[in-house]
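Novice: These are the residues of each chain, in order.
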Amino acid sequence: MYTYNDFDEAFVRERVAQFSGQVARRIDGSLTEEEFRPLRLMNGLYLQLHAYMLRVAIPYGTINPDQMDQLALIAEKFDKGYGHFTTRQNIQYNWPKLPDVPAILEALADVGMHAIQTSGNTIRNVTADHFAGAAADEAYDPRPVAELIRQWSTDHPEFQFLPRKFKVAVTGASHDRAVVRAHDIGVVLKEQNGVKGAEVIVGGGLGRTPMVGKTLNEFVPFADLLPYIEATVSVWNLLGRRDNKYKARIKITVHEHGIDDIRARVEERFTQIKPTFGGIDMEMLAQIEQHFVAPIFANKPVDAYTRAYENDPVFRAWADTNLAAHKNEDYSIVTISLKKPGATPGDASADQMRSMAQLARDYGHDELRISHEQNVILPHVHKSNLPALHAVLKGNDLATANAGLISDIIACPGMDYCALATARSIPVAQGIATRFDELKLEHEIGQLKIKISGCINACGHHHVGHIGILGLDRAGVENYQITLGGDGTETTVIGDRTGPGFAYDEIIPAIERLVHAYLNARLDAEETFLQAYRRLGMAPFKEALYPPKEEKANAA
Amino acid sequence: MARPFTPKIVTANALLEGDVIYLSPQDTWVRDLCDAALFSQQDQAEERLAFASKDGFVVGAYLVDAVAGENGPEPVHFREDFRRTGPSNHNHGKQAEL
Numbered sequence: 003m004y005t006y007n008d009f010d011e012a013f014v015r016e017r018v019a020q021f022s023g024q025v026a027r028r029i030d031g032s033l034t035e036e037e038f039r040p041l042r043l044m045n046g047l048y049l050q051l052h053a054y055m056l057r058v059a060i061p062y063g064t065i066n067p068d069q070m071d072q073l074a075l076i077a078e079k080f081d082k083g084y085g086h087f088t089t090r091q092n093i094q095y096n097w098p099k100l101p102d103v104p105a106i107l108e109a110l111a112d113v114g115m116h117a118i119q120t121s122g123n124t125i126r127n128v129t130a131d132h133f134a135g136a137a138a139d140e141a142y143d144p145r146p147v148a149e150l151i152r153q154w155s156t157d158h159p160e161f162q163f164l165p166r167k168f169k170v171a172v173t174g175a176s177h178d179r180a181v182v183r184a185h186d187i188g189v190v191l192k193e194q195n196g197v198k199g200a201e202v203i204v205g206g207g208l209g210r211t212p213m214v215g216k217t218l219n220e221f222v223p224f225a226d227l228l229p230y231i232e233a234t235v236s237v238w239n240l241l242g243r244r245d246n247k248y249k250a251r252i253k254i255t256v257h258e259h260g261i262d263d264i265r266a267r268v269e270e271r272f273t274q275i276k277p278t279f280g281g282i283d284m285e286m287l288a289q290i291e292q293h294f295v296a297p298i299f300a301n302k303p304v305d306a307y308t309r310a311y312e313n314d315p316v317f318r319a320w321a322d323t324n325l326a327a328h329k330n331e332d333y334s335i336v337t338i339s340l341k342k343p344g345a346t347p348g349d350a351s352a353d354q355m356r357s358m359a360q361l362a363r364d365y366g367h368d369e370l371r372i373s374h375e376q377n378v379i380l381p382h383v384h385k386s387n388l389p390a391l392h393a394v395l396k397g398n399d400l401a402t403a404n405a406g407l408i409s410d411i412i413a414c415p416g417m418d419y420c421a422l423a424t425a426r427s428i429p430v431a432q433g434i435a436t437r438f439d440e441l442k443l444e445h446e447i448g449q450l451k452i453k454i455s456g457c458i459n460a461c462g463h464h465h466v467g468h469i470g471i472l473g474l475d476r477a478g479v480e481n482y483q484i485t486l487g488g489d490g491t492e493t494t495v496i497g498d499r500t501g502p503g504f505a506y507d508e509i510i511p512a513i514e515r516l517v518h519a520y521l522n523a524r525l526d527a528e529e530t531f532l533q534a535y536r537r538l539g540m541a542p543f544k545e546a547l548y549p550p551k552e553e554k555a556n557a558a
Numbered sequence: 024m025a026r027p028f029t030p031k032i033v034t035a036n037a038l039l040e041g042d043v044i045y046l047s048p049q050d051t052w053v054r055d056l057c058d059a060a061l062f063s064q065q066d067q068a069e070e071r072l073a074f075a076s077k078d079g080f081v082v083g084a085y086l087v088d089a090v091a092g093e094n095g096p097e098p099v100h101f102r103e104d105f106r107r108t109g110p111s112n113h114n115h116g117k118q119a120e121l
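So the sequence lines, in the order shown, correspond to chains F and Y.
Going by my numbering, the first sequence opens with residue 3, and the numbers climb by one from there.
Going by my numbering, the second sequence opens with residue 24, and the numbers climb by one from there.
So that you can see chain F by itself, here it is in the shape it has in the complex (with noise of 0.2 Å):
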């Protein structure tokens, strides 16, 4: 993976000192709090509900054994012992103390890491396939590409103040576990006629229009793809509307000015800037390459995870939720599960994030990537390994196997922790998650994905889950809204809302009737939740949810 060359390492000091410096001044009341407010924004400190929140980029969701004990340090010494992996590939320390911020922020710059623009308006975390270098269905390595997007996007300036966040996504395999029609601008690796580039999409997101994003170009080769999204950037960032932030991001933009004409401003724009590149780009995309070779990949028999398999139904049950197929056939990815039922989706206790480092040195290549599904994920373990691994897993709480299934919900921190938020999500997640294991009917289901927000912004992407619920503040109370048959994937689509919300203590036997409703409508067990809703449409789903009144007071 990459590491750090003299300028990122001088570049991220530099900025340790100086927001060393702000803080300082900020607590001698030197900087006031409406001047302190964008410079803490820019390294990624915000102010929640209950105490200040940082969050730390893990560009691409990639990260090393190293870097995650760092992040276990971080969490005993300066927070309560545990870290929240986020939608966006990013860990958040929910309880940071002003005056031990720069300290954080020089842990992390030992190891490589920051907590630059994953705030503000500015080009936020480049994220990437979870399974990058590993899927068995990727034609190119997104990575490479989603350094050499950071490296470009980081501190430019001309990108800085712009209209408003600006998310990008990058997969090089068929099937797209990174949301890329989701974001700002997603770019899917390809290749055409022998050479290697990428299709751009842009103007997708979520929140409060949601939006699939729209094919921009089918085909930028790999020369043209950085000043092509820059030329892209640079045009959103003169439209884009700054008078009003609910119409800032690019895809009101693009709705506003139609495709075409933003892909000719586009090509307009690029044709100014591609020459002042001068092949730059291309040369540090070569060096970047280097970092991301492959592991040399072991080659021994798999007999102890055959023998497992067949012998250990608790090994079984996980292997076949958990692992996906490798490019290397007696290698698997390997999911860790961070959603035990009950728990809060997402985070990890210091003793768990250093027994994963662990398992990563000892079986996993020194790899480890963070999913936008919030999860772990050890990209590359032999196959001989996994008993052994398994074992561990369980001692450490984290042999979960629900992997694709309702109970591997993504939910944003909602009203538990965030300023922004309506209504609370965790304890959603939690009771939906409990409930299900409870009834046993988890594998029975089969491939479900809940994905729950606390407001309308749409952390917890609850446009795109198969079931979607949205908490909002009605009249002072908690109400949430269910939207049916969204898909994150190649297929996107955002979901249909059902009718009225739900109050907080009717919503979890609201999607216990919705799934009771699949089951007796599926065609048969391999006709999964979101191919039911396809075929069926919203009716059935909605009698289950909202019975005539004489059937509610009998059930009652």
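Any given hint could be a false lead.
As the list claims (entries may be wrong) - Derived DSSO-like pairs: lysine-lysine, alpha-carbon spacing no greater than 30 Å straight-line:
#	chain 1	residue 1	chain 2	residue 2
1	F	Lys342	Y	Lys77
2	F	Lys167	F	Lys198
3	F	Lys192	F	Lys169
4	Y	Lys117	F	Lys99
5	Y	Lys117	F	Lys79
6	Y	Lys117	Y	Lys77
7	F	Lys82	Y	Lys117
8	F	Lys82	F	Lys396
9	F	Lys342	F	Lys329
10	F	Lys167	F	Lys216
11	F	Lys276	F	Lys167
12	Y	Lys77	F	Lys442
13	F	Lys198	F	Lys329
14	F	Lys247	Y	Lys77
15	F	Lys396	F	Lys329
16	F	Lys342	F	Lys82
17	F	Lys302	F	Lys276
18	F	Lys216	F	Lys169
The set of hints was computed from the structure by calculation and includes no laboratory data.
Bear in mind that the values here come from a model prediction, so they are computed numbers and not experimental data.
Fit chain Y to the supplied structure of chain F, relying on the hints for placement.
Specialist: Just chain Y now, with coordinates in the frame of chain F:
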């Protein structure tokens, strides 16, 4: 007819710790909502907010609705109920500290 004024408290977050604080009747900052001053007159509430906002060691002071309870002011809205308690998923924040 003007709507009746709902009593208010002044709340903010502390600069260093970031936690929730309330303005007390003695014009000091307190951690427990029970010890907060409850203002029943609009002018008085706004005047105390203006005073509180000048304090460099607090962030984002604002007025919020509250009612008089047996042990002091009680929140009207659930957001303020969470702010005075802490998150529901971990026993952290005020529920663990007060």
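Novice: Taken at face value, is the distance from the CA of lysine 329 of chain F to the CA of lysine 396 of chain F at most 30 Å?
Specialist: holds (26 Å)
Novice: When you check the alpha-carbon spacing of lysine 167 of chain F and lysine 216 of chain F, does it fall within 30 Å?
Specialist: holds (19 Å)
Novice: For the pair supplied as a hint, lysine 82 of chain F and lysine 396 of chain F, is the alpha-carbon distance within the 30 Å limit?
Specialist: holds (23 Å)
Novice: Sort out whether lysine 82 of chain F lies within 30 Å of lysine 342 of chain F, counting only the CA atoms.
Specialist: holds (20 Å)
Novice: Does the alpha-carbon distance linking lysine 167 of chain F and lysine 198 of chain F stay inside the 30 Å limit?
Specialist: holds (29 Å)
Novice: Assess, step by step, whether the Cα of lysine 117 of chain Y is no farther than 30 Å from the Cα of lysine 77 of chain Y, and give holds or violated.
Specialist: holds (25 Å)
Novice: Quick one, are lysine 77 of chain Y and lysine 442 of chain F close enough, alpha carbons at most 30 Å?
Specialist: violated (57 Å)
Novice: Compare the distance between the alpha carbons of lysine 192 of chain F and lysine 169 of chain F with 30 Å, and conclude whether the hinted pair is satisfied.
Specialist: OK: lysine 192 of chain F and lysine 169 of chain F at ~20 Å, within 30 Å.
Novice: Has the given pair, lysine 198 of chain F with lysine 329 of chain F, been kept, meaning a C-alpha gap of at most 30 Å?
Specialist: holds (20 Å)
Novice: For the pair supplied as a hint, lysine 216 of chain F and lysine 169 of chain F, confirm whether the alpha-carbon distance does not exceed 30 Å.
Specialist: holds (15 Å)
Novice: Between lysine 302 of chain F and lysine 276 of chain F, does the CA-CA distance stay at or below 30 Å?
Specialist: violated (48 Å)
Novice: Taking only the CA atoms, is the gap from lysine 247 of chain F to lysine 77 of chain Y under or equal to 30 Å?
Specialist: holds (28 Å)
Hint compliance for this structure: hints 1, 12 and 17 are not met, and every other hint is.
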